[in-house]
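Trainee: Each chain, written out:
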Amino acid sequence: MDFIFYFGDVFSPLSFLLLLGGTIGGLILGATPGLSPTMAVALLIPFTFHLEAVQGLILLGAAYTSTVAGGAVSAILLKIPGAPANIATTLDGHQMAKQGKGAKALQLSFLASAVGGIFGVLLLIFLTPLLAEWALAFGPSHLFWLAILGVTVIGSLDSASVVKGLLSGCIGLWLATIGFDDIMGAQRFIFHPSLGGGINIIAALIGLFAIPQVLTMFAKGRRTTGAEVIEVQKHSVLDATKELIRRPLALGIGTITGSIIGLIPGVGGQIAGLVAYDQTKKFSSEKEKFGKGHSEGVIAAEAANNAMVGPSLVPLLTLSIPGSPTAAVLLGGLLIHGIFPGSDLFDNHPDVAWTFINSMLVGQVLMCLFGLYVAGLAARVAQVPQSVMAAIVLALSVFGAYSVQSSMGDVYVMACLGIGMYFLERFGFSAAPLVLGLILGPIAESNFIQGGMIADATVGRASYFLSGGLNIFLIAVVVASVAYSAWMELRSRRYTTKEEAQA
Amino acid sequence: MRKLITGAAMTLMGLAGAALAEEYPERPIMMMVSYGAGGATDFQARIVTMTAGNEDALGMPIAIINKPGAGGRVGWNWFATQADPDGYTLAAYNVPHFIAQSIKGGVQYSSDSFEPIANWGADPAVFVVAADSPFNSMADVVAHAKENPGKLTFSGAGLFVGHHIAALQIEKAAGVKMAYIPTKGGGAAAMKAVIAGEVMGGVNNLSDAFRAQAAGNVRILGVADLARSEFLPDVPTMQEQGLEVDNSSVNFRGVMVPKGTPQEVIDQLAATVPEMFANPRVAKKMQAGGSPMHIMTRDEVKAMWAAREQTLKELLAGL
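Sequence lines, in order, name chains A and B. By my numbering, the letter at position 43 of the first sequence is numbered 43, and the numbering carries on one by one without gaps. In my numbering, each residue carries its 1-based index in the second sequence increased by 1000.
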């Protein structure tokens, strides 16, 4: 119960001011395309040089929690996912915004974020020693199977048909091979210097999601100007809360999936939202509504990506191993004050450790309050005329892609992928499975190679990848997932053929 | 008219040249780090440049820009081919990484593409094992490797980086074959593999291993350097344990500029930057973060680069 003892420290005037500043600043940074949580936290590190360790970490903790949630704003309103965590949010969230329900989508996303986020931080507080063992249990073979499990999601995710979904997944897998291979040092498909480092995931996200949208707006020309002004419906916070309570399945699956997957070093944050979205869709009684502006999609995705915040810090705080890029930046924030994460942190600096964790808890609540406050205003973005909107989204996309690593190369990559995606979308392909391939490809590949090298030197590949409780469990889930998708596909085909026959 | 314009332009250029020599630097300076934000190189670069704006240093702040990717190749390729050699674009170097990469080929730089300014840190590679490992010294490791050739797995951060060089040197010195497992995701992923027991040992940075040992997760068996580290006075070097491993794998970090930067700018930087590194505030922060400092002047770095190039060419020739 140490954390209650240190709760007072969060509310000392300067600390609370920093918490407030970090939360509001984090929401704005998070809503800016291209500024991922990692970048936002890195930008704030220099400010902590002049603060006490406790205060510095309060600022960083608050910024981390609220940037993750802030990413939902641009994902819903502009269809630009600010970070991989927000991909799943765009699928239903942007559809809702287009129907004038932007306020509702934003309110739901902030409420779901707060619920998921608080659950995640509570896990961090109460179960850290247990979770640390769990985080270490995932070796190369398990991460490989986990990535394969992700691949099985590809077919059923937001596409006209399973085949098209798989095909765009394959394009993503191929794009992922571009660049220097980190393990073997080989060069693959580098035709241009800007591809030397591979395809940057943030630049790719912006290109694949935002650019086709801009092109579509331009393609409509002037004919439809003014005719498409969307009426933005007002939506009360109370209704949003009721809606959230009516969707316990989405909230529960999102929170739990996010917490479990967020824990796994190196994989978690990127795919938590997508996996939660897919699972919720499979278990939901209203499957057909997903992808068309269904509230469950937003709730599951946002609950998952904020639930992952707390557990993702477990490897850092207990083992001193940063499990995600953001955790690596936070490690720098700790080291600069001479604090080593691990037992040293909890034994010798409990005030720093617990105040930091508490600030994330309070930060979740503050983030939710501010988010709800601006949701109604922000949703009016949908009323902006399309011609203006196209220009704004295009400008933000270029800015976002450039700011990732101050490189024009990323802007070219974004533009090329965006134009390519515009044409693919015309043929019923969709960006989400492509991005999933892009994310999962390197995880599956590097863990397979690494596991293979370990296996060759020790027990042999077959027993390394196919034996052991966790391996067998993951393989079983993969098989179940494939079987389920196949069964659903067959069933829906039978129904359609029947209907066609009747017609 | 044309003559007039040409004349004016020439005068302006002359003025600019004179101003450059006298008033450098007159605007903030950029320093490129070829690794991501939060990594050891980025973290140290931010600390050692934090006093750049002081009057006794450069009088202008240094802003860090990250260009990560492909083990540093992306950033250094950019620096060698696209950075302006005007003294306002600096970069952090990591030796032996960029020299080893240029020897292996496939990149657009070599040690001739850059002019060193000064060195700030030296992070030796160490050999770590999990806290519950049966190995208690390098002799145990070598003995196990001799009995089981090619079966002793040990991790490190990728190929042709300091860890890999240290691994090659240990194998060569002991005359054994072991299984080096390069991980994706840098030293942190390699350390996780050791702690989780996925591999039997690992090569890692002294600064990271020092923290992990303090947390009780690993034990450090040997340091791949010529002398013991002040952070780890009890851990013997490889040479003390009978393995002829020199300091070729020590990760030297410092500042460089692209070839073609005006000589007067290089001279001015070479004079001021080592003093900036020696600032007590910098030393205190570096000490607190567990990052060993090792300040070297331009001439010393030049000699170190040349020596490293020589050793690495011999070591990597057999691969």
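To be clear, the hints were calculated from the coordinates, so they are not data collected in a lab. Among these hints, one or two may not hold up.
Unchecked claim - Once the Cα atoms are required to be at most 16 Å apart in a straight line, the calculated EDC-like pairs of lysine to aspartate or glutamate come out as: (1) B:K1151 to A:D456; (2) B:K1177 to A:D181; (3) B:K1184 to A:D181; (4) B:K1184 to A:E52; (5) B:K1104 to A:D9.
Trainee: Which of the listed hints are broken here?
Mentor: 2, 4, 5
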